[in-house]
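Q: All chains, please: the whole structure from these sequences, using the hints.
The primary structure of each chain is shown beneath.
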Amino acid sequence: MRVSRRHVFGVLLALVLVPAAAVAQETSLGFYLVPKVGTGTALDPFRPKYIGDLAGVQWSAMDLGIEPTFIVGANLSAAQHTSVSGQSDVFAFPANIDGAVGGNPTLNRVRNGLEQRNIPGADIASTWTWRQVIGRVGDTCLILQRLNGQHQTRLFPPGVSLDSQPSQSVFEQLVSVGQSFGLTTSPLSIGLTVRENLLRLSDQLPGFTLGGEVF
Amino acid sequence: MAVSDNFNRADNASVGANWSGLNSATAKVAGNRARGNATSYDYQWIVWTANTWNATQTSECEVGNSVNPSNAFDEGPIVRAAAGPDGYYAMLHSSSLRRIYRRDDGAFTVLQNMDGTVASGDTIKLEITGSTLKYFRNGAQVGSDQVDSTYSSGSAGFCVSSATGTGYEDYIDNWVGTGEVVAGKARPLFRSSVRFFRRSF
Numbered sequence: 001m002r003v004s005r006r007h008v009f010g011v012l013l014a015l016v017l018v019p020a021a022a023v024a025q026e027t028s029l030g031f032y033l034v035p036k037v038g039t040g041t042a043l044d045p046f047r048p049k050y051i052g053d054l055a056g057v058q059w060s061a062m063d064l065g066i067e068p069t070f071i072v073g074a075n076l077s078a079a080q081h082t083s084v085s086g087q088s089d090v091f092a093f094p095a096n097i098d099g100a101v102g103g104n105p106t107l108n109r110v111r112n113g114l115e116q117r118n119i120p121g122a123d124i125a126s127t128w129t130w131r132q133v134i135g136r137v138g139d140t141c142l143i144l145q146r147l148n149g150q151h152q153t154r155l156f157p158p159g160v161s162l163d164s165q166p167s168q169s170v171f172e173q174l175v176s177v178g179q180s181f182g183l184t185t186s187p188l189s190i191g192l193t194v195r196e197n198l199l200r201l202s203d204q205l206p207g208f209t210l211g212g213e214v215f
Numbered sequence: 216m217a218v219s220d221n222f223n224r225a226d227n228a229s230v231g232a233n234w235s236g237l238n239s240a241t242a243k244v245a246g247n248r249a250r251g252n253a254t255s256y257d258y259q260w261i262v263w264t265a266n267t268w269n270a271t272q273t274s275e276c277e278v279g280n281s282v283n284p285s286n287a288f289d290e291g292p293i294v295r296a297a298a299g300p301d302g303y304y305a306m307l308h309s310s311s312l313r314r315i316y317r318r319d320d321g322a323f324t325v326l327q328n329m330d331g332t333v334a335s336g337d338t339i340k341l342e343i344t345g346s347t348l349k350y351f352r353n354g355a356q357v358g359s360d361q362v363d364s365t366y367s368s369g370s371a372g373f374c375v376s377s378a379t380g381t382g383y384e385d386y387i388d389n390w391v392g393t394g395e396v397v398a399g400k401a402r403p404l405f406r407s408s409v410r411f412f413r414r415s416f
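Those sequence lines, one after another, are chains H and B. So the first sequence is residues 1 to 215, counted in the working numbering. So the second sequence is residues 216 to 416, counted in the working numbering.
Because the hints were derived from the structure by calculation, they are not lab data. A hint or two may mislead.
Below, simulated DSS-like cross-link-like pairs (lysine-lysine); rule was C-alpha separation at most 25 Å, straight line [stated by the list, open to error]: (1) H:49 - H:36; (2) B:349 - H:36; (3) B:349 - H:49.
Please read these numbers as outputs of a predicted model, since none were measured by experiment.
A: Okay, structure coming up:
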């Protein structure tokens, strides 16, 4: 049998390209709300559940202060995305974050997904884009992170929810958080719920980046 | 302005009066580099206390391991560090793991995980402005901007993890920090230009 140089070249090319393609999996940036896991030691640091244990994955996360939730921007393969987004304790945002949330059942799902994690979500409308929703989550993270840094305290200990009224000390802490950001704190009131006070702070924040995306 | 330390001095159990440890253990000078000085493996945070610090600051140092250059890089620059230890840390958990961590009263939280490797002799810089952290390796940013608002103040410094006699000979060298508060009256950078303008107008 006669073997041409072209055939030999083709076989060699295939030998080089096929393994390379198998190793270099295509990834895309996605956003996920996931629980916080870990004990805080160097060998078992607090990290995003599932994503934080994937080898070789580039990701960036913001935690909700001491509350047990992360918002994560992660470059996952299709298989990794399917695995992570299929977990019952994960809220996966759609790939097109500039699309509108739309009506039910998606609208209720995102509202509940945020509210269950003590992130104000009941006012999200069908016309909101997913980018706006992630913006709400991240802004809330920034407020609760500063609360942790200044006062080392949870905003939502057992028995306290978004619809609770803040105690005097919690109210004063929220005011000091707002002042540390240079925000206007006069709209805050102890007569308002934790939700309303949080929103009056987070709505003033200028935005942030996560995973290279601007929110 | 910047402050710096190349640790080029005689071996000593302390890195000197310009530095303070945020853990019980401190760092030592050995072989013209800064190394851990604990009796057991630990993450020792050392901050520059000869100056106070602005909120915008950078911390940069050469990192490495003199026994096993391809392994065990548990040291790196820290910013906005304070007693706890609290603050931010560019940690090289091994030669193939680059991360930005936050520490809260000593507890570790991973904020960002990046692709790539680190080699002995690399220079790592951590920069913080407002709530945005940037990680640089040999002058090029790695990963994406990381936002975290937990700490709005603190000092720049470094972390070393080696413990005497354990074989984990991690080190940092040629540390440079920017964002320090300079005491006294600010002087113009270009005195001759100032004199020229004063004469001219």
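Q: Quick check: which numbered hints come out false for this structure?
A: none
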